[in-house]
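So the chains spell out like this:
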Amino acid sequence: MKFLRQFAARIVGQSIRIFARAITAVRAEWKGIEPVPRQRVYFANHTSNADMPMIWSVLPPALRRSVRPVAAADYWLKNRLRAFVGPEVFNCVLVDRRPEVKDKPMDTIIAALDEGASLILFPEGNRNMTDDPLLPFKAGLYNMGIARPDVDLIPTWVANLTEIMPKGEIIPLPLICTVTFGEPIHVREGESKDDFLKRAADALLAQRPLVRP
Amino acid sequence: MSETTADILLLTLGSFGILIALTVLGEILRARQSAHENNPMLDTYMTRVQSWWGMVAFIGGALLLGKPGVMVLFGFASFAALREFLTLTTKAQADHLSLALAFFVVLPLQYVFMGLGWTGLFTVFIPVYAFLFLPMVSALRGDPQRFLVRVAETQWALMIAVFSVSHVPALMSLEIAGYGDRSVLLIAFLVMVVQCADLLDFFFGRRIGRTRIAPGLSPKTWEGLLCGVLSAMVIGAMLAWITPFGVLGAALMAGVAALVGMFGNIVVAAIKRDRGVKDWSHLIPGQGGFVDQLDSVIFAAPIFYQLTKYFYT
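Chains as they are written, first to last, in the numbering used here: chain A, 5 to 217; chain B, 113 to 425.
Bear in mind the hints are in silico, worked out from the structure with no lab data behind them.
Remember, it's a predicted structure, so these values are computed and weren't measured experimentally.
Every residue, glycine too, gets a C-beta built ideally from N, C-alpha and C.
One should not assume that every hint holds.
[Unchecked claim] Computed footprint of chain B on chain A; a stretch qualifies when at least three of its residues, placed anywhere within it, have a C-beta under 8 Å from a C-beta of chain B:
id	segment
1	163-170
2	178-187
[Stated by the list, open to error] If you want the ones that stay clear, here's a sample from chain B, every Cβ over 10 Å from chain A, calculated:
id	residue
3	133
4	158
5	268
6	346
[As the list claims (entries may be wrong)] From chain B, some residues computed to sit far from chain A (all C-beta separations above 10 Å):
id	residue
7	141
8	161
9	177
10	178
11	205
12	240
13	256
14	259
15	271
16	289
17	292
18	322
19	358
20	360
Pulled out of the complex, with its shape left as it was, chain B reads as follows (with noise of 0.2 Å):
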């Protein structure tokens, strides 16, 4: 067994570890309250625990299979945040076409760009070719209702949803001296700094949040967001022996993330608050969809990438 091998295991079994000591706790705090008390943020947070054993099963699974279980994996994760984005966008009968290239085409080409380690056509096969050619694809069926708005976020779709999910799988093909075949980690550290300081924020949030950062949009305080990011910063520095960051550069790597994937959670929780889609649970009952899942975790991704690359490549 290599060593990466052997430190991905490590990871995904410390990971179990965690989610069972949660687990415990959340059955020790509902079997503390009487039958018919109620409690939302209690229900809430088991639900998120146990969404959680799904991702770590998941992503430990595909980390242990390589490029390829991690291709697939956030290929199909793509594809659903994609299906869920694009649910709610405007469009009319004359996008179809374009819709379906971005679901068969643009998808699975990203994914094959980022396989082939093509990082150039990667970078800017969304930003650049898709979106001038699917506007065109609309175009040419001669619907100008709302067309502004129908290719705006149809793209913005796209983004979100391909182009920044795809970065998460990317940083397993970024060469890095003297690190080796362990790229494949920084996609735990990653996932695992960025989901961490989504709890501690929502934790702490609840316990000494006072100060709304959005109000009227997202439930997140300052307090909460301050507390998230220094722990995502903490649990950085003791993830630092999977990273080529060093202590400290894996703590400003860790904080920086976690900041980008909160205020990540607040874009997506302001176009719910448009689309008029309030609850977690309209997407998927119970768990929220793919992108309430992983808001954090996708727009913290592409910048993730790119201070990566430019820093230590």
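For reference, chain A alone in the conformation it holds in the complex (with noise of 0.2 Å):
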């Protein structure tokens, strides 16, 4: 049964990557880094739900396979189905956002990457459904980055998602989206909180592909 339970993960997982590939034609540019399998964190923009499924499918399969995405419990535990897809399809981290919560998100994370994975977070915390390019990041990429300092944390900026399908919209257009990852961070010594967050941020935007309007 488990077996079968994990053919089924692995057989979804390459639908969704070959779906996404055909609608968005979702490409990868490595700008700062090169597809090598070595433990980094990957933090992205998010503008909406395909944000992951996105970086996930531009990976190549031994990076694939190591990375988990770091994502809410109550979305990925809300039915059946979702609690196939995101802990087995993609084999996420969930965290418990929940203040009355014993086990701390940060915890779970730190655990994560002691096993060797390498992540994906949206450091934003939540959707941005702004015209800001970015919301403030929250404080856990700099947890993160003070805890295992010797991780790389990669800027990865995920582009056209938000016009290939704009809120409100039923139909995707079938727009080429772009995963751009940047060159590697790291929190230095005795940068604060706040100039750190700042300098991630900047190094995120500075991924947007160049398209003059």
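Since each chain sits alone in its own frame, please combine them into the complex, following the hints.
Listed below in structure tokens is the structure:
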């Protein structure tokens, strides 16, 4: 039974990848790093529920196997289908953001890093529904960088998803979605939380593809 | 096996022969240079040859399958080209419906009209009907910001990616007296002369090219262009047996197609420069995109179609 579920998870994973490629021709741009297996935290902008599957889809198989998206437990455990897709297909690190829960999200995340996993993280915390390119980052990225300073933090920009499927539209446009990976950053010696988060946000914004209007 | 089928097979195998020669040549050059030496020109050449392998296989296969095969292949090419183009154009959420119509209604209908042989509607559908109606759909959503830029760029995308591309398969439905079912070979003729001209323009441009045609925009030179067009005319004359044009006519048609294709390539370079996408590799890594690969054929196709229609039907 367990074997069967694993098999199903792989089929579903491949289908999501093929679907993402077919609809958005999603492609990776390795601007600052090489697609080699190395422990990394890919931190990305978050405008749509499709962000995470997009990043996941463009990673080469070896990297995809070792990457774990950090995601909200309340979303991925809502029903049985999501509880299958989130934890088993994407191998999500589920964090519970409710304050009354004993497990602190950061402990779960650090534990995943210590097991050797790479992570996909959305440091804005929530989906960005505003016209600004980014919301202010939460402290998580900084805490992670302090706790495990060796891990590369990779700014990862997901472009065009808002145009493919703007809020309130029903038909997705088959435009090309690009995922750009920038140069790794680390928390510097003595750098304050706010300084680092600002630098991280700037590094992420710098990955936006230059398309002049 | 009909004569046409035999000719398609012969052309495909002949192209494979040329590609084998080109691949071997590239591998020899690569083997001769030292391991850590980087030769970007050789890399460009090799990726181009690689994509030609795919192109010959796909086009050869489609031509053998006849009309449905050609329609599906070029329909997909249009789709890929339109997607590349519209990814770069200015748009607002107000255009969402008109863009969706462009992808899912205008594009398929253009190919349906082509398949049914309704040449009248095929020729005016995008320049007249899409041109007039899509901006109405956008305007109804009431966002005036950069409106003219948005609708103009969408129309440009449709003209290049759908209207122009669909003229390649449309060559098949031209009825030329005494040519029978061989119209399908015109597709092979157009693609072969234009692509060969591109390759030879690239080769001679690097060798003897001095005077840039459009400095700061494209590496193309007048010397390369001249050599490319002349070679296209020679190749066209050699391929005259698959056309209804005769030897001189085939050379002239090939020359015109190659010339239009090369200037089309410069236009595409200008668009990319304007949008700040400099590299070929920016759309599809290693290969450039569909528009990059086929830009010269795309620009040459409507002219080639109209000339053939005017002089030979």
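Hint check results:
1. 163-170: holds (count 3)
2. 178-187: Holds: 3 residues of the segment 178-187 of chain A have a Cβ under 8 Å from chain B.
3. 133: holds, 32 Å
4. 158: The claim stands: residue 158 of chain B keeps its Cβ more than 10 Å from every Cβ of chain A (closest is about 20 Å).
5. 268: Given a closest Cβ separation of 15 Å, the condition holds.
6. 346: holds, 38 Å
7. 141: holds, 26 Å
8. 161: With a cut-off of 10 Å, residue 161 of chain B remains clear of chain A, as the shortest Cβ separation is near 22 Å.
9. 177: Fine: 22 Å to the nearest Cβ keeps residue 177 of chain B off the interface.
10. 178: holds, 26 Å
11. 205: violated, 4 Å
12. 240: holds, 24 Å
13. 256: The claim holds: residue 256 of chain B sits with its nearest Cβ about 15 Å from chain A, beyond 10 Å.
14. 259: At about 13 Å from chain A, residue 259 of chain B clears the 10 Å cut-off, so the statement holds.
15. 271: Label holds. Min Cβ-Cβ 18 Å, cutoff 10 Å.
16. 289: holds, 42 Å
17. 292: holds, 38 Å
18. 322: Label holds. Min Cβ-Cβ 31 Å, cutoff 10 Å.
19. 358: The assertion about residue 358 of chain B holds, with a minimum of 43 Å to chain A.
20. 360: Non-interface label stands for residue 360 of chain B: nearest chain A Cβ at 44 Å, farther than 10 Å.
Hint 11 alone, counting from the list given before, is not met by this structure.
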